[in-house]
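Colleague: Residues per chain are reported as follows:
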Amino acid sequence: MPASDYKYWLGKETEDFKWIGKRGIIRRDADDKVTGKAMYGRDVKLNGMLYARVLPSPYAAARIKSMDTSEAEKLPGVKAVLRYDDPEVNKRIFQAWDPDLAYIVTTRSYSLPTTVLGDTAYFEGAPVGVAIAADKMDIVDEALGLVKIEWEVKPFVIGYEEAFEPGAPHVYDYMDAYEPTWVYNNRYNISCTPENEEFEYTPGWEGKENANNVKAQVFYNMPHSDMEAGFAAADNIMEFTFKRTDNQAFSPEIPSTVARWIDDGSLEIWQPFQDSAHKILGVYSIMLGLPLEKFHIHTPYGGGSFGGWTIYMYPQHSILPVAALLAKKANAPVKMIMRRHDASFSEMDEGKYTAKVGYNNDGTITAVETTGIFAQMADMSSMLPDTAGPGHLITASGIPNLHGMSTTLFVNKHGASAHRCEQQPAAKFKQHVYSRVAAALGVDEGAIAIANEGKAGHGWDYVQEYRATNQIPDVDSLSAVIKAGKDASGFDDKFHAPGEKLLPNGKLHGMCMAPMHEFSNGGSFAQDEYSRSKIMVSVLHGKIFITAHKGDVGTDARTGYVRVVAEETGMNINDVLYTHEQESMDSKPHTYLSGGGGSVVMTGNCWQFWVIATGLKRKMLATAAGALQKSVDEIDIVDSNVVMKDDPSTVLAPVASLARALQGLTQTLKEADWQSMNLPGSPTPASWYMHRSCNILEVEVDPETGGVEIVNAVAVNDVGIAIGPETVEGQIYGAAIMGYSTGGIEEQIYDPGTGVRLNPNFIDYKILTMPDIPNVEAIILESRMGVGPYGCAGVGEDNTTFCSALTPVAVYNATGVWVDYPPTPERVLKALGKA
Amino acid sequence: MKRFLHVDATTVEEASEALAKGGAMAIAGGTDALGTLKDNILPDYTEVVVNLKTIEGLDYIKEEGGMLKIGALTLLDEIAHSDVVSSKYTALAQAASRTASVHLREMGTIGGNICQMNRCWYFRNPDNKFNCLRKGGGMCYAMMGDNRFHSIFGAVKACIAVNPSDTAPALVALNATIVTSKRDIAADDFWDVGIPGSTVLDEDEIVTEIQIPEPAGKSAFIKFAIRKTIDFPVVNCAAMVGGGEARICLNAVYNLPVRATTAEEAMAGATIDEANAEAAGEAAVTGASGFPANGSNPGNKYKIQIAKTLVKRTILACQ
Amino acid sequence: MTEEKKKSGGVSRREFLKDAGLLIGGTAIGSTVLLAACGGDGEAVTDTVTKTVTNNVTTTVGGGASTVTATVPGPTITVTSQTEAGEVAEAIIKLDINGNDYTVMVRPNWTLQQVLNSELGLIGAKEWCDAGACGSCTVIMDGLPVLSCMMLAIECTGKKIETIEGIAHANHPLIEAYKNNNCMQCGYCTPGFVVTAKALLDKNPNPSKEEIMDALSGNLCRCSTYPQHIPAVLEAAQKLGGA
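Protein sequence lines correspond, in order, to chains A, B and C.
Those letters in the first sequence? Residues 713 to 1547, per our numbering, in order.
Those letters in the second sequence? Residues 500 to 818, per our numbering, in order.
Those letters in the third sequence? Residues 448 to 690, per our numbering, in order.
Hints were generated in silico from the structure; no laboratory data involved.
It should be emphasised that the depicted structure is a prediction, and the values quoted were computed from it without experimental measurement.
Accuracy of the hints is not assured; some may be wrong.
Unchecked claim - Counterexamples of contact, computed for chain C against chain A with all Cβ distances above 10 angstroms:
(1) Ala-532
(2) Glu-574
(3) Ile-622
(4) Lys-686
What the hints assert, rightly or not - Below, computed lysine-lysine pairings styled on DSS-like, alpha-carbon distance capped at 30 angstroms:
(5) Lys-749/A with Lys-656/C
(6) Lys-730/A with Lys-686/C
(7) Lys-650/C with Lys-860/A
(8) Lys-568/B with Lys-626/C
(9) Lys-650/C with Lys-1195/A
(10) Lys-552/B with Lys-465/C
(11) Lys-749/A with Lys-465/C
(12) Lys-1213/A with Lys-568/B
(13) Lys-777/A with Lys-727/B
(14) Lys-1213/A with Lys-552/B
(15) Lys-501/B with Lys-1041/A
(16) Lys-1195/A with Lys-1213/A
(17) Lys-786/A with Lys-501/B
(18) Lys-800/B with Lys-955/A
(19) Lys-686/C with Lys-1382/A
(20) Lys-607/C with Lys-587/B
(21) Lys-800/B with Lys-1542/A
(22) Lys-626/C with Lys-730/A
(23) Lys-800/B with Lys-866/A
(24) Lys-724/A with Lys-465/C
(25) Lys-734/A with Lys-650/C
Using N, Cα and C, we set each Cβ at its ideal position, and we do this for glycine too.
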């Protein structure tokens, strides 16, 4: 479809849309969720269903030498016991780079190697050795307690720096030392090989460290960088190091799965997914030796995924194959539930961050060199180069010389994943570069952002060209969000040099800013054959039905799709139906993953629905014209009526009255010209978001207790256009509050002597409560600058990543001392010389 | 949660009798008891749970004979919102209102709050992974492990867990008496380092009432925690200063609530002002050492600074 | 503790639990015995009934300002398995939920949340933290918002229990207000907020912003919808007052 067909909205005011951007449209999932009717995976109950659990390993590293399950089997109520040495358990170890998985797991990969039910645990709480099904959960717990195991307890390592040292325990002892094959030239998100002339490889661990535990090493070689010259040209050079400890997603819903075998040998499963389910089904297919068409999947509501459930995540997703085997053994449906204690998964930003920055007195930065060493990070460090190192500076700044290296180590911890979102490390690097340069020069971060960020970062020429060609507004959005944030927070009046503002209440006032500019790949919506081929809209009973399988994780994507389909077809929004889907995988279509940046912003899936809605409308008009004996060019559909195009007040017929004629008209994405949604010049068919935001945080630090109190937060986002304003506000609140929580107070703590987690519960692992963050103001700007439908730019995932970077920066502004993440009282008091 | 048997006690005697058989655990609000059972933290799983809520007449707040009497089954929320407690026994009302979360205050009782077991994360780790001293084991894992929230005044019986109660220091500062099914115990003497309990109570002994004499001066309670709600204290402090007397008590800094006796002597009869309060704060942490940072363990020396500050602020709040 | 002390009437409690062939979990009766909302009596189900206890509980509500005596007529606990010392191992209990009597077989270790969810199909009280620290499983019991994951179902007989299902069925203005104010993302914690807010409005029909925040301070939301709850509760309060 030529661009001219769909840029009709360029001259249109936001108010001119009928459903786009309109307030007061109730979310399609609101009633289910408010009334308690919404069925989550945890709530599924089938007739005759058994409950089950896998033994959680009490050790951080251990192997089962022998196991006696006879007592457990005898306990009344126990229906099936599955052991690691049972013949039906697939013994194979699957690894991230498993070639068998590559064809299915197209865009993501494993976070950790795994088996169906192994004899070896690589972290405390790992499902290992034995799974038991019984008719009630208390019997399961008792039976697990009756299993007698002789363990070979093995050496473990929890600290990523220790894991890098010579002589450190080899965490995954069956894996060979890592060979650095993932090396990125970040310019076009294309991997470089050693044959590439721009490639320059320097082994990070040569002669010193333990390469056995290296999971990945990523080099960021921005073309045309001359680091030496960049630093030589700078007025000033600074170097800094900071650390972030482990933190957790702690999704509300405790992972669970339900498996039932049906007569034809098919496996029916109930499990929430965020991404298209088939990607994970591919893994299950190999693990269970069951062809894909034998899976029937139901996707109930999911209680808080935050991106993490888009990948196959051990141990959360590993419980399904175990449930399936138990169900077969017991000849009954089995519901497998993890314990809260064991359902914790690391965020991927634990690590040590070091940077060297060359900068001039006018605020321009000449060169940044980053070195990161991270723990257990999901493979994304190698799959998605934006995630660590100077990735954000490459994609969203004009800094001319950038280079970095990030190394990820295996440690004896549970799987890491990207929760809101994978770019946490890169965001922290960028925020510290800007904040520290700003503090050194006595200005705020806004000045540094404006001095260093062009209208876009490196490598986005084709986006800019596209925008120019299509008359998409070229506004100075970065300045606009900074100004709006400053105005709303009174920033310029309150801002001060670090450590210089003592309030009458005896506390130190601290304030800082994250001006953020995110040009990013919002999801390769058309890259995935399943996604592309399997969404459709149909006319049934005079209404439009959207048919697409979608895992719901709360981002309210469905209402967004409904808005787009109503807007483009001319139907009243109440005549566009999209019920929550719980259906079999091979009979129903899928959409691309339901992510914060990728779908709420509607730059990805939104395009898909835009394309099929416009296609369907053409078919509806053609049919209606025939039925009404009009020319297709002279009629239109407005508010569910077929009207005369030049006089919409003349209703020719309600669409409902043409129900018989229109019945069954369908538009699929497959037959639509989705290729045209791609930006010319783009290296991958993908949706792009290009949103800008300014998050401002104001804290008070008690110098006598080290307590940090959030007093005010302002979040400004230029989203281009807010397709669903209330939903966008929800995303903004969510990003800010979750970010300030993870970066401000959250920390997973391990016993150094055993590697056992000490606080994986909601009493000892603390997330912010309502009174802890009483004032958050969300401000939406709509410049219409985006390349998405209607000028949509997205409400970027990087709100969270930057907010989670911000609290220590505010503490620095308050106290004049830098504190590591999270800035809890012991760290603050220590930095102040009081502990 | 694994299975156990259950008895509804209708009188104190019935409850004592049921508890005397051993292997039993008393339950009132249940917010602590069920946590220990769900996580299966003790070496011997409880065999029978004895419900105290079915005992009538232990739920009251009244002034009688110049003293405040609170039934052991009185909800923390009722204490927090009681006019008489707030006006005269302020520290206790403040402590009750800062305990746990709003929901838990409407479930948890004062009796349960003062009898709760410690919150050491080794002690509480599910499935008794650390069979520590408080479970009859041979060592304190926190001593060599991560002790950022542990004692700053050393160990009692080699255990460095802290008493986590918010109401305990208020009761000590207010010179309360704990009435049980067997005896009257001064708040000063009520807490202990048992296996696994945290009080001097016998296995079959039940708290029935709290008695508090009318305080000579004003009292106050201040809690420092990471969050404004839900959390157990990092450090808390209660004080009663006035009428020539001073009773100051820190908690969550030691296995037992800690009377700051030197500070009390200094403040008895002294003017409540910044300088005196500050000196009292310094005096209160004399002898506190804490644990140094070690690897991933940041240690807990920071708690000394917080304790000092809270003593100062609590005294000032008694003005 | 001596072995002697552990024993109760000659059979240790542990042995009793393990070998007594209890009804639930054993083979005597399948997985769930539920005589839903009909007040069916124990004898009809099994002849192992040994004792019937009438359990009328008086509870003081609202800081002693008013006393409500909730009495459910008839036996509220029918013991179906117990030791000789009278320690209950299984019972059929009657629960008053949203004004309906539910009769359900339970073991003493089952929490109210577990019974609501797994036995009665009332899925609105959600298990999130399973430790009394998140508010997702909140129900109203005798007027107070309490955590059903930290309550034993067997101890809830004779109480008036109100769940999100009842609040929704009555179409309380909070339902509409929560929808209008977009107070949900993943939605898992949302019912817990609504129930807590309902208990607040019952007690305080005209709450301030601070009072709302205080009442909801024990409810966690990982998606961080916090700012959207306050206008919703204010809207519902206004509707209640204006009606």
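Colleague: Given the hinted pair Lys-724/A and Lys-465/C, is their Cα-Cα distance within 30 angstroms?
Modeller: Distance ~73 angstroms between Lys-724/A and Lys-465/C Cα, so the pair is violated.
Colleague: Confirm or reject: Glu-574/C is not an interface residue toward chain A, with every Cβ-Cβ distance exceeding 10 angstroms.
Modeller: violated, 6 angstroms
Colleague: Between the alpha carbons of Lys-1195/A and Lys-1213/A, is the straight-line distance 30 angstroms or under?
Modeller: holds, 23 angstroms
Colleague: Check the hint pairing Lys-686/C with Lys-1382/A against an upper bound of 30 angstroms on the C-alpha distance.
Modeller: Violated, at roughly 49 angstroms.
Colleague: Does Lys-1542/A lie within 30 angstroms of Lys-800/B when you go C-alpha to C-alpha?
Modeller: holds, 9 angstroms
Colleague: Next pair to validate is Lys-650/C with Lys-860/A; report whether the Cα-Cα distance is within 30 angstroms.
Modeller: violated, 53 angstroms
Colleague: Are the Cα positions of Lys-800/B and Lys-866/A separated by 30 angstroms at most?
Modeller: violated, 33 angstroms
Colleague: For a C-alpha distance cap of 30 angstroms, please report whether Lys-1213/A and Lys-552/B respect it.
Modeller: The hint is violated at about 53 angstroms.
Colleague: Is the nearest CB of chain A more than 10 angstroms from the CB of Ile-622/C?
Modeller: violated, 5 angstroms
Colleague: Are the Cα atoms of Lys-1213/A and Lys-568/B separated by 30 angstroms or less?
Modeller: violated, 48 angstroms
Colleague: Straight-line Cα separation of Lys-626/C and Lys-730/A no greater than 30 angstroms?
Modeller: holds, 21 angstroms
Colleague: Does Lys-955/A lie within 30 angstroms of Lys-800/B when you go C-alpha to C-alpha?
Modeller: Distance of about 21 angstroms is within 30 angstroms: holds.
Hints 2, 3, 7, 8, 9, 11, 12, 13, 14, 19, 20, 23, 24 and 25 from the earlier list are contradicted by this structure; the remaining hints agree with it.
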